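Visitor: Sequence:
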Amino acid sequence: MVFVGQHIVVCQNSASSESIVRGVLLHEIMIHMFDYCQNKLDVKNIDHLACTEIRAANLAHSKAKMSVMAVHKVSEEIAEAAIERVLTKGYNDLEPVGRRIRRNSLDMPRAYAEGHLYGYKM
1 MVFVGQHIVV CQNSASSESI VRGVLLHEIM IHMFDYCQNK LDVKNIDHLA
51 CTEIRAANLA HSKAKMSVMA VHKVSEEIAE AAIERVLTKG YNDLEPVGRR
101 IRRNSLDMPR AYAEGHLYGY KM
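Its first residue numbered 1, the sequence shown is counted upward by one per residue in this note's numbering.
Source of the hints: derived by calculation from the structure; they are not laboratory data.
It should be emphasised that the depicted structure is a prediction, and the values quoted were computed from it without experimental measurement.
One or more of the hints may lead you astray.
Here are the simulated BS3-like cross-link-like pairs (lysine-lysine), alpha carbons at most 25 Å apart as the crow flies [as the list claims (entries may be wrong)]:
hint : residue 1 : residue 2
1    : Lys73     : Lys40
2    : Lys121    : Lys40
3    : Lys65     : Lys40
4    : Lys63     : Lys89
5    : Lys63     : Lys40
6    : Lys89     : Lys65
7    : Lys40     : Lys89
8    : Lys65     : Lys44
9    : Lys89     : Lys44
10   : Lys89     : Lys73
11   : Lys63     : Lys73
Assemble the whole structure, with the sequences as input and the hints as a guide.
Guide: Written as structure tokens, this is what we have:
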């Protein structure tokens with residue numbers, strides 16, 4: 001699964017179930033594409049990448065450090081330092097979902113229903 005500019009590639013060999021595909025789409029579209037379009041995400045900037053990965057980890061249950069290490073090909077220490085620099089900002093930013101999504105809950109439908117409260121056209 002790869003976010004390439006404005007395209008997302010979901011590989012069949014690693015997305016073997018509907019729930020995995022849904023998780024990938026939440027992670028890539030709802031978080032990274034939102035950051036790319038709204039927050040001018042620059043994945044070449046390690047702090048930008050760390051921030052969007054923290055947001056994805058917070059909202060879509062993924063692993064920020066591993067993503068930063070893989071994308072930038074940096075050591076665990078460098079990835080951790082980048083994450084530490086932006087942790088508070090990234091963790092507290094709940095857009096575009098508006099809440100932390102709990103597994104097996106009604107949080108996602110509620111977030112969609114409340115979209116108009118955050119200025120999103122539904």
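Visitor: For every hint, state whether the structure bears it out.
Guide: Each hint tested on the structure:
1. Lys73 - Lys40: OK: lysine 73 and lysine 40 at ~22 Å, within 25 Å.
2. Lys121 - Lys40: Distance of about 21 Å is within 25 Å: holds.
3. Lys65 - Lys40: Holds: lysine 65 and lysine 40 sit about 21 Å apart, inside 25 Å.
4. Lys63 - Lys89: 17 Å, holds
5. Lys63 - Lys40: Holds: lysine 63 and lysine 40 sit about 22 Å apart, inside 25 Å.
6. Lys89 - Lys65: 16 Å, holds
7. Lys40 - Lys89: 15 Å, holds
8. Lys65 - Lys44: Given pair lysine 65, lysine 44 holds - Cα atoms ~15 Å apart, limit 25 Å.
9. Lys89 - Lys44: 19 Å, holds
10. Lys89 - Lys73: 23 Å, holds
11. Lys63 - Lys73: OK: lysine 63 and lysine 73 at ~15 Å, within 25 Å.
Every hint, counting from the list given before, is met by this structure.
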